[in-house]
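Asks: Now for the letters of each chain:
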Amino acid sequence: MVNPVLLIVTPLGLAFIIPLLASVWTRSAKYIPVVGMLFNLIVSLLLLRHALDKPVVVTIGGFPPPFCINLVAGPLGLMLSLLIALVGFAVSIYALGYIRKGATARYHALYLLLLAGATGAVLTGDLFNLFVFYEILCISSYALVAYLGDRDGIEAAVKYLIQGSVGSGLVLIGIAILYGLFGTLNMADIAQHISSVEPLHLFVPLVFLITGFGVEAAVFPLNAWLPDAHASAPSSISAILSGIAIKVGVYAVARVVFTLFDASGLFLFLVLLGLLTLLVAEMSAFSQSNIKRMLAYSSIGQIGLIVFAFGLASPSGISGGLFQLTSHALAKALLFLAAGYMIYRAGSMEISALEGMGKKMPITCFAFTIGVFSLVGMPPFIGFPSKLLIIKAALAQQSVWFTVLIALALAGTVIETVYFFRVVQALYFKEPTVNGQTQQPTGSVHEAPFSAMAPIYGLLILILLLGIYPNLLTGALDSAATELLERAAYITGVLG
Amino acid sequence: MLDTLREIAQLGLVALLLVGAVCACMFKDLLNAVIAAAFVSLIATVLFFLLHAPDVAMAEASIGAAITTAIFVIAIKKTTRSEEE
Amino acid sequence: MRAVIAICLLAVIVPVLAISLAEIPFGAQGAATPEKPWIHYISQGAEETGAANIVTSVVVTYRGFDTLGEVTVLFIAAIGLGAVLFSRQQRKGEKLEGASLILQTGCRFLFPLILLFGAYVFIHGHLTPGGGFQGGVIVASGFLLAYLGCADINARKRWLNATESLAGAAFVIAGLIGLALGGDFLMNFLPKGTFNRLFSAGLIPLVYAAIGFKVGAELAGIVANLLEKPE
Amino acid sequence: MSALYENSYYIASVGLIAVGLYVMVVKKNLIKVLIGLSLFETGINLLFIAVGYLAGGTAPIFSTHSLLPGRMVDPVPQAVVLTAIVIGVAVLALALSLTIRLYEHYGTLNLRKVRDLKW
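Protein chains in written order, with this note's numbering: chain P, 1 to 496; chain A, 1 to 85; chain V, 1 to 231; chain U, 1 to 119.
Source of the hints: derived by calculation from the structure; they are not laboratory data. It cannot be assumed that every hint is accurate.
Label pairs and their computed distance ranges (CB to CB) [stated by the list, open to error]:
1) U:Ala-55 - P:Lys-101: 35 to 41 angstroms
2) P:Lys-101 - V:Glu-23: 49 to 55 angstroms
3) P:Ser-314 - U:Asp-116: 47 to 53 angstroms
4) P:Ala-489 - V:Gly-183: 49 to 55 angstroms
5) P:Tyr-457 - V:Gly-183: 41 to 47 angstroms
6) U:Asp-116 - A:Leu-2: 34 to 40 angstroms
7) P:Gly-97 - V:Phe-189: 29 to 35 angstroms
8) P:Val-424 - V:Ile-7: 28 to 34 angstroms
9) P:Ser-314 - V:Ala-18: 47 to 53 angstroms
10) P:Ser-264 - V:Val-4: 49 to 55 angstroms
11) V:Pro-191 - U:Ala-55: 53 to 59 angstroms
12) V:Val-4 - P:Tyr-457: 26 to 32 angstroms
13) V:Arg-158 - P:Leu-388: 54 to 60 angstroms
The beta-carbon is built from N, C-alpha and C at its ideal position, and this holds for glycine as well.
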């Protein structure tokens, strides 16, 4: 059996040698992320088979768990690392042709490090180690948002950096208080002793940790940075930020709430927070005229739905939340990737500039439309079974309140449908308006190149396949939900 | 007697630390504010040493007081020195 | 207006912190139960790792994975800074206003001494306070002095980049050897030697030297990139 | 007086965290905000070390053989804070490079003005 540590160390090692390699042979740098993510994809798949029976717990440094850092490659961690490798692989192929300007070798190194940080954060079993990998993820995203170096990008990166740093600081305060209370940083060890301390004293570190990780997860009052950052980053990075980075924030919040603290009093709060996030974000998305900002607000809304599902805290609710997480990662990555070349072709991010694109780039626009259908939850795409699971889980609570709440969440989804269909209508049923702004850069390029088509259609096939056969996924998702809900099994799995 | 002196010295260090932090907040000239922040790092180094953390004290002295200040000063030199209202 | 918000925020955060710190009496960490990891580190760490400085044994061995993440963060900052400032880097090397002869001579005299001191600090990391980070930063401050004082000691950025990459790869490979030998990542596979000698503690001095080179090269690169003048 | 003395490290660290957060929320100048960030981080580091302190302990280094392991302070917060300090300087270096670029684009470091200029 392969050691899960390779999932983290291989991308790190490859990223370290990119600058050296680029100084010898510049063009080689862009293939390194492809290789690294392909490796991760294969290893995650191999490990997932073992992990479904029993979580793979490995130590680092050669001592038993509470004394050194350990990795917990359970179904949840491996499912997320598989998702990271999958989306990362698709986007790294896309970037082969898309990234032309600037310090390209540095872009590829930062990109690989971002994914390594995300993988590390979902696999580690140590609280401070989680913080370190979370910081790797955040810092490389700050740099990548500013990669284009234009006015908006720099401003967005500054905003993101300041808010993200306050969040990380709060996480560190929470870790310091937990260390003072328990004298250990191992998550299983803390979880084991959590009931020995009065709940009142646990409340403070819990709030600090949730607020800190919530900044990256973009839950409602903490998401001011997200629309700017996602809109002004290069499209490949927007896809990764929307598809992967915020999911890691959600994972960290879920890990803290479910495994670390067993904070059952917080579940209703999570439901309401998720609903508020969903409604506010969909309302803001409705009034956007910039397509990337619209996609970014829609990401916040989907995060709200995922948090809502996690807050239900039933096996089917969490399983539905994880399914929604997967479907959103695939669909949103597809939308950003397709939008990247549509924007490149139109020369503007305004939706009005994209009118009539359906005739100019039919293949790209078709993929974009499928992504929209999946995102709003139409059968037979992956968005349908995931939303259906969440609705079923909410109704299974047998309470009038939850029925009202899920009805409100569905109202948010309806708003989403309306504004997304407005875009689709603009793509297909409007003639291109002749105004001075719509320029035609490089007239010969009609469709996106093959390096962009391959990942876009790869994602499309996955969306269709998993939409028709959701059972391919539900087994793994159910055991991931069980891992999150059954703390005792997690603790004994690590500490023996 | 010695204990009292020690207590007074420690409280004095804490007071200096907080005064330095407030100065870093108040100064309108950014260069002065950066030097005040470096002073805070220096006092923090002493506090780390008193807490029996020599490794951290060394790191704080070399990173907090030296390198951080240097890159701040370079950035101020490249931008502007006064905190405009 | 913002001041009012900030004071309200602090009026919540400070009492909340005070309440939870009241639960952690200052200076009473020893009251913890014996199976805590840190009790294990100070009672058995010296024996298990062979390092006299327990902080070093925690940093490099017990929590070595954090340290790998930490040098990665610094690496990200170094290349991220290069990417952000990229379009400005058209001109090679920088010429600050020429320093006076006394300063130049002084720098030229001090520069190797500072490098030597930095190297001393990171090689003796397992015996005395200090280690890869502190030593690396001292090396970087030597480069800072050289950049400011005498423009002609101008370390080629290529060499800094190569050092950075190789030292990082060395850290990862040192970890992977432990894995390949059938143990864990970052496991010590070298003899521990005599306690309190320079050549002891197995892998620790080697890893710390790699960290020292990496941190020194990264911070020197950061300073060099920041000092460069725009077009 | 003695309560003040016993908790002086906590007071120092919470005070630094408070001043740092205040600067980050109130000040408009980006470099001032970053100074606030560095004060905030120093405060957190001090808090972490103070949490791991053992009254009457020694530094966790066996510099002579006469030292007893039972009277050493906790090494884990020290290792962790070492990491946190380095992460702090990395964030700061990246932030300052962004500052330089922001100034090139907008000609000001005032974050409110930058927001006005953008639209």
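Asks: Quick check on a hinted range of 28 to 34 angstroms for Val-424 (chain P) and Ile-7 (chain V), using CB atoms only.
Replies: violated (49 angstroms)
Asks: Lying within 34 to 40 angstroms: is that true of the beta-carbon distance Asp-116 (chain U) to Leu-2 (chain A)?
Replies: violated (59 angstroms)
Asks: Does the Cβ pair Lys-101 (chain P), Glu-23 (chain V) satisfy 49 to 55 angstroms?
Replies: holds (53 angstroms)
Asks: Can you let me know if the beta-carbon spacing of Ser-264 (chain P) and Val-4 (chain V) is within 49 to 55 angstroms?
Replies: violated (36 angstroms)
Asks: Honestly, do Pro-191 (chain V) and Ala-55 (chain U) meet the 53 to 59 angstroms range at C-beta?
Replies: violated (38 angstroms)
Asks: Honestly, do Ala-55 (chain U) and Lys-101 (chain P) meet the 35 to 41 angstroms range at C-beta?
Replies: violated (58 angstroms)
Asks: Taking the CB of Val-4 (chain V) and the CB of Tyr-457 (chain P), does the distance hold inside 26 to 32 angstroms?
Replies: Distance hint for Val-4 (chain V), Tyr-457 (chain P) is violated at roughly 54 angstroms.
Asks: Between the beta carbons of Ser-314 (chain P) and Ala-18 (chain V), is the distance compatible with 47 to 53 angstroms?
Replies: Violated, at about 38 angstroms.
Asks: So the hint says 54 to 60 angstroms: do the beta-carbon atoms of Arg-158 (chain V) and Leu-388 (chain P) match that?
Replies: holds (57 angstroms)
Asks: A range of 47 to 53 angstroms was offered for this pair. Does it hold for the Cβ distance of Ser-314 (chain P) and Asp-116 (chain U)?
Replies: holds (48 angstroms)
Asks: Is it true that Tyr-457 (chain P) and Gly-183 (chain V) lie within 41 to 47 angstroms of each other by Cβ?
Replies: For Tyr-457 (chain P) and Gly-183 (chain V) the Cβ distance comes to about 44 angstroms; the hint holds.
Asks: Given the hint of 49 to 55 angstroms, is the C-beta distance from Ala-489 (chain P) to Gly-183 (chain V) inside that range or not?
Replies: violated (27 angstroms)
Hint check: violations occur at hints 1, 4, 6, 7, 8, 9, 10, 11, 12; the rest are consistent with the structure.
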